[in-house]
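A.B. asks: With these hints in hand, go ahead and build the complete structure from the sequences.
So the protein sequences, as listed, match chains V and S. Under this note's numbering, residue 194 is the last one in the first sequence; the count climbs by one each step, no gaps. Under this note's numbering, residue 406 is the last one in the second sequence; the count climbs by one each step, no gaps.
Just to be clear, a hint being listed does not mean it is correct.
Sample of chain V residues lacking proximity to chain S, with all beta carbon distances greater than 12 Å (derived) [stated by the list, open to error]: (1) Lys55; (2) Cys56; (3) Met57; (4) Glu58; (5) Val89; (6) Ala103; (7) Asp114; (8) Glu115; (9) Leu123; (10) Leu145; (11) Phe146; (12) Lys154; (13) Asn155.
With a straight-line cut-off of 25 Å between C-alpha atoms, the simulated DMTMM-like cross-links for lysine to aspartate or glutamate are [unchecked claim]: (14) Lys303(S) with Asp19(V); (15) Lys5(V) with Glu392(S); (16) Lys153(V) with Asp116(V); (17) Lys63(V) with Glu344(S).
In case anyone wonders, no lab produced these hints; they're calculated from the structure. Heads up, the beta-carbon is just placed ideally off N, CA and C, and yes, glycines get one too.
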Amino acid sequence: MNTKFNNVADAAAQLAEDPSVSAEVQTEVLFSTMVSVLLNMRVAKGLTQEDVAKCMECDPSKISRLEAGNDRQLRWMDIVGYARALKVEMSVIFDDSGLPAAERIKHCVFRIDEDLEKLGALAKELGGEDQITKEIDRFYRQVLFNFLARFKKNSEKLGAVLRISAETKAGCVLVDAGAERKRPLELEAAAKG
Amino acid sequence: MANGQIEWQIDIAHASPGKFKKFSGKYRREYVSLFANLDKIMGLLRAGQRLGSFQVGFFRPEGQGVYRIGQTGVPSAKESRLYVFPEEHGHVMYVLNIGTKEGQSDDINEAHRIAKGLKPKTGQ
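C.D. replies: Quick look at the structure:
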């Protein structure tokens, strides 16, 4: 009999001598994803349940219950309060699978654009001319290079599927969330930095 | 280590299958919840967290290297505990025992007895 397992679901099923237990545990683990993410972030930040409770203005036992439970029992404001206590920004993305593919692609591009703006703002925050900021600047250039390399690869994949015109591909169109303006990105120049 | 994660295994060789089978038949929701909570702890350990460096309400030391995993998330449930022995050196989580709050004293003693046999092997 196998006694070593890589996942809890199979171990639980083996001990219960009931294979159906595995699926039940897997479902429970899946429905505990958000709780697990919150718990992992708290522990990684070295915060205690008391720290989070203090920030959320509640009893630590509430945090204990929240972490011992699953996502079905989570309330929206608990997630918001917990994230705030960890000083973590939270974004919610609604991806409507009922929308036409072109519309969904546009939404993806908007998100990329927003992230790029965030990246730019972060880089700007650092500013300065000293050695440390120069190193950080170099790091951001590497990030940008890696991003653009992936962008180019995926743009080619998209081009193959959607038959994007050569002119559009060359310019790597980014559509601003506010307006329908086109912003060509000079891939080569940016990569060289 | 894969994808920055430490590989931890679960070992059930020292658990009594009969007891787990009986418990899972009688308290299925609690049984499932206990193992889901074990998965949360495994997630922390796989992320590189060390025992004793984090405080989680449902994961408490019971002495001699034994920890109990609780479940409080199941509405109107029987308070239950899963007893484990995490072996940090070899990255193995030994599952030892399971039971309700009523029988916890005997269950802890049994878990300690099993853990004693594990210590020379694990060097803890």
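A.B. asks: Please name the hints from earlier in the document that this structure breaks, with their numbers sorted from lowest to highest.
C.D. replies: Checked against the structure, no hint fails, so every one of them is satisfied.
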